[in-house]
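Participant: Okay, here's what each chain looks like letter by letter:
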Amino acid sequence: MKELMLGNKAFARGLYEAGCSVVSSYPGTPSTEVTEEAAKYDEIYCEWAPNEKVAMEVAFGASLAGKRAFCGMKHVGLNVAADPLYTAAYTGVNGGLVICVADDPGMHSSQNEQDSRHHAIASKVPMLEPSDSAEALEFAKLAFEMSEEFDTPVIMKMCTRVAHSQSVVETSERVLPDTKKYEKNIAKYVMMPGNAIKRHPYVEERTRKLIAYASDCPFNRVEMADKSLGIITSSTSYQYAKEVFGDKASILKLGMVNPLPTKLILDFAAAVDKLVIIEELDPIIENHCKSLGLEVTGKDVLPLEGEYSPNLIAQKLGVSVAPFKKLEEALPGRPPVMCAGCPHRGLFYTLSKNKCTVLGDIGCYTLGAVAPLSAMEMTLCMGASISSIHGFNKALGEESEGKTVAVIGDSTFVHSGMTGLANIAYNQSNSTVIILDNSITGMTGHQQNPTTGYNIKGDPAGKIDLESLVRAMGIERVVVVDPYDLEQCDRVLKEELAAKEPSVIISRRPCALLKYVKHNKPLKCNSEKCVGCKSCMKLGCPALAMKDGKACVDATLCVGCGVCQQLCKFSALESQE
Amino acid sequence: MVKNIMIVGVGGQGSLLASKLLGHLLLSEGYDVKVSEVHGMSQRGGSVVTYVRFGEKVYSPIIDKGQADFIVSFEKLEAARYVEYLKEGGRIVTNIQEIDPMPVITGAATYPGDVLEKLEQLGISVDAMDCLSLANEAGSSKAVNIVLMGRLSKYFDIPVEKWEKAIRECVPAKFLELNLKAFALGRN
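Residue numbers (the numbering used here), protein chains in the order written: chain A, 1 to 577; chain B, 1 to 188.
Quick caveat, the hints were computed from the structure, so don't treat them as lab data.
Incorrect hints may have been included.
The calculated lysine-lysine pairs, modelled on BS3-like cross-linking and capped at a C-alpha distance of 30 Å, are [to be verified]:
no.	chain 1	residue 1	chain 2	residue 2
1	B	K118	A	K550
2	A	K355	A	K569
3	A	K524	B	K142
4	B	K142	B	K118
To spell it out: a stretch of chain A is covered by chain B in this simulated footprint if at least three of its residues, at any positions, have a beta carbon under 8 Å from a beta carbon of chain B; those stretches are [stated by the list, open to error]:
no.	stretch
5	20-33
6	166-172
7	215-221
8	325-333
9	364-374
10	399-407
11	541-553
Note that the structure is a prediction, hence the values are computed from the model and not measured.
Virtual Cβ for every residue (Gly too), placed ideally from N, Cα, C.
Construct all of the structure, not just a fragment, from the sequences and the given hints.
Facilitator: See below:
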């Protein structure tokens with residue numbers, strides 16, 4: 001049956017049809033829906049792991065046991081999981097092991113624009129790259145076969161536009177392969193030096209076989225048309241190239257981007273007059289072609305940064321684009337903002353008011369850096385807030401200790417904040433850490449995590465108690481505050497900053513978008529009481545605006561959280577019965 | 001011949017249902033279809049774009065400047081923000097609701113209330129309506145998306161029954177009546 005399917009959902013369908021049995025992932029845009037959709041199939045065991053390293057090791061364990069297994073993550077997640085990946089490349093697999101890594105060119109929802117193909121090259125693991133949903137489904141199935149045939153993990157690289165675009169797919173039934181028996185094999189699976197030394201030549205031999213396979217595999221294809229221009233491309237860049245050139249160019253469309261098909265590339269180059277490489281981010285195909293002695297156009301005209309588009313490719317390669325009209329005036333931007341009723345807002349207001357130096361982390365709360373709160377001065381990677389505040393305070397001592405805080409979400413804390421806190425407890429810095437516990441992984445779209453008490457299917461699960469955990473790690477000062485209570489937040493923050501020992505403040509209130517959270521009626525501004533002092537505007541709440549010199553509440557957005565009422569000295573923001 | 005529809009608005013306004021409905025309808029009409037979406041809570045409150053493309057064979061999942069046959073906007077300012085994507089002779093179908101973006105809330109910028117008039121001065125066809133009032137009339141402010149689909153349907157040579165069938169297949173049964181009413185209010 002033909003249906004329109006999201007790239008990530010098609011990937012999950014491929015996992016299902018291939019008989020994948022175990023899935024362990026950590027959410028990260030744009031990879032999250034692969035695992036969410038896989039969890040809808042009762043035949044597949046699915047879980048959210050605390051981080052990507054754990055997820056990959058879980059999937060590896062299931063593969064070792066003989067089942068087909070999968071783990072999914074975003075590009076930066078693969079940095080976290082790089083440790084098991086690079087050595088799983090040596091051990092190889094038992095049941096097929098497929099890894100999804102989703103890149104985010106254009107940084108729609110990421111802190112950098114790294115090109116994951118480097119990880120595939122460095123770890124010597126084959127990488128596939130679908131260009132639409134139909135390929136995502138088909139490649140996922142073939143990836144398992146390839147994994148088992150070549151005894152290697154296989155990475156499938158998605159990108160935002162493939163992951164989050166719907167296109168037409170045809171589904172088929174699930175075929176469950178026989179479980180491969182687990183057999184003790186110390187030489188293959190115990191990577192101590194004496195064994196690993198013998199596995200490395202195996203890896204190199206496997207790569208040689210894969211290079212030969214790549215020139216005659218179902219993933220790469222040549223579409224010969226006009227021979228005056230030859231284009232080598234992959235992923236969405238292929239779609240854009242087809243859009244721009246149609247039949248006016250021949251295309252070598254790569255679905256397998258590591259290793260690259262040397263013979264196929266040389267044959268294609270010989271058949272066309274001019275060779276252009278169209279690839280987002282780094283010049284990996286281009287450099288390979290150059291190493292083969294080919295003359296190519298690529299990053300000399302196309303950018304290293306950002307997403308490509310049909311117009312960009314057309315303009316850089318001398319093809320005209322459609323005309324368009326434009327407004328002369330500059331329009332106000334509309335950046336994403338913390339939602340009305342977001343529990344983070346009250347806490348960030350408190351940090352802003354106290355002029356704290358705030359070292360931040362990855363999550364919705366990174367929006368604390370945006371005006372008018374502007375209460376975050378550093379965001380690096382998952383968990384870095386806690387490790388960095390320790391270094392910051394060790395460097396500056398009393399100069400920073402009394403005014404610097406780390407802020408980190410509940411899911412991010414479990415992901416990789418715990419180890420940083422272990423360092424604070426062990427090496428004793430006088431640091432104040434704030435865990436923003438909104439009872440969910442918010443930014444990626446509401447995934448459960450080990451502190452929420454529910455699993456990926458929403459069923460009751462184990463629950464880590466943050467207070468007990470933090471105390472067990474050796475932090476004696478642990479205080480819980482309600483971020484809707486500004487007076488309490490202010491008092492506790494001042495106390496903990498003044499304390500001469502490590503402390504943790506848990507700012508606890510569930511995400512305002514969670515279905516079970518009950519909202520109050522929208523507030524109403526009494527314009528007779530409002531003097532237009534704009535105190536409430538310091539919160540940066542999207543439900544509050546100034547109209548004709550008075551505060552005005554947007555009733556479609558306001559959830560009656562009451563934080564703004566605490567800032568109004570004139571009681572103008574009134575609750576409705 | 002590929003046709004391009006851009007759906008723009010403010011994150012959280014319900015553009016995903018609109019694109020789901022269009023994708024479903026156009027696929028059942030026998031077209032190749034691609035829909036490119038914005039996911040993730042981090043987009044809430046921000047400017048969001050969804051691309052819907054259909055025709056005999058569609059390659060790119062995104063629409064570029066000068067290519068959109070229609071820009072369907074959930075909010076007035078957003079209709080203007082993406083005008084460069086409209087093709088010559090294309091049409092803007094928009095809700096006249098104003099939602100202040102953060103730079104306006106903080107006082108760093110002012111909301112350009114006359115922006116639709118300026119678009120018309122450029123010779124652009126703008127079909128503007130108060131979708132929020134019609135959605136409320138249908139029973140929920142959340143039905144703005146279906147009101148807009150009703151309006152858009154006027155410009156397509158697809159029988160109204162097919163649109164209604166697509167709505168039936170895309171929305172939960174308990175909201176069906178509300179959404180069919182919203183669609184009819186938008187169309188008429």
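Participant: Does K524 of chain A pair with K142 of chain B here, judged by a C-alpha cut-off of 30 Å?
Facilitator: holds, 21 Å
Participant: Check the hint pairing K355 of chain A with K569 of chain A against an upper bound of 30 Å on the C-alpha distance.
Facilitator: Since the Cα atoms of K355 of chain A and K569 of chain A sit roughly 22 Å apart, the hinted pair holds (cutoff 30 Å).
Participant: Taking a Cβ-Cβ distance under 8 Å as contact, does the stretch 399-407 of chain A have three or more residues in contact with chain B?
Facilitator: This one is violated; 0 residues, fewer than the three required, reach chain B with a Cβ under 8 Å.
Participant: Check the hint pairing K118 of chain B with K550 of chain A against an upper bound of 30 Å on the C-alpha distance.
Facilitator: Distance of about 28 Å is within 30 Å: holds.
Participant: Within the stretch 541-553 of chain A, is the number of residues with a Cβ closer than 8 Å to a Cβ of chain B three or more?
Facilitator: holds (count 5)
Participant: Does the structure keep K142 of chain B and K118 of chain B at a Cα separation of 30 Å or less?
Facilitator: Roughly 28 Å between the alpha carbons, so the hint for K142 of chain B and K118 of chain B holds.
Participant: Just to make sure I understand the rule, a stretch counts as covered if three or more of its residues have a C-beta closer than 8 Å to a C-beta of the chain. Does the stretch 166-172 of chain A meet that for chain B?
Facilitator: Our answer is that it holds, as 3 residues pass the Cβ test (under 8 Å) against chain B, meeting three.
Participant: Apply the coverage criterion to the stretch 325-333 of chain A and chain B: a residue qualifies when its Cβ sits closer than 8 Å to a Cβ of the chain, and three qualifying residues are needed.
Facilitator: It holds: at least three residues are needed, and the stretch 325-333 of chain A offers 7 whose Cβ sits within less than 8 Å of chain B.
Participant: Count the residues of the stretch 364-374 of chain A whose CB lies closer than 8 Å to any CB of chain B, then report whether that count reaches three.
Facilitator: Holds: 5 residues of the stretch 364-374 of chain A have a Cβ under 8 Å from chain B.
Participant: Against chain B, does the stretch 215-221 of chain A show at least 3 residues with beta-carbon separation below 8 Å?
Facilitator: violated (count 0)
Participant: Are 3 or more residues of the stretch 20-33 of chain A near chain B, judged by a Cβ distance of less than 8 Å?
Facilitator: Holds, because 4 residues of the stretch 20-33 of chain A bring their Cβ atoms closer than 8 Å to Cβ atoms of chain B.
Against the hints set out earlier in the document, violations occur for numbers 7, 10.
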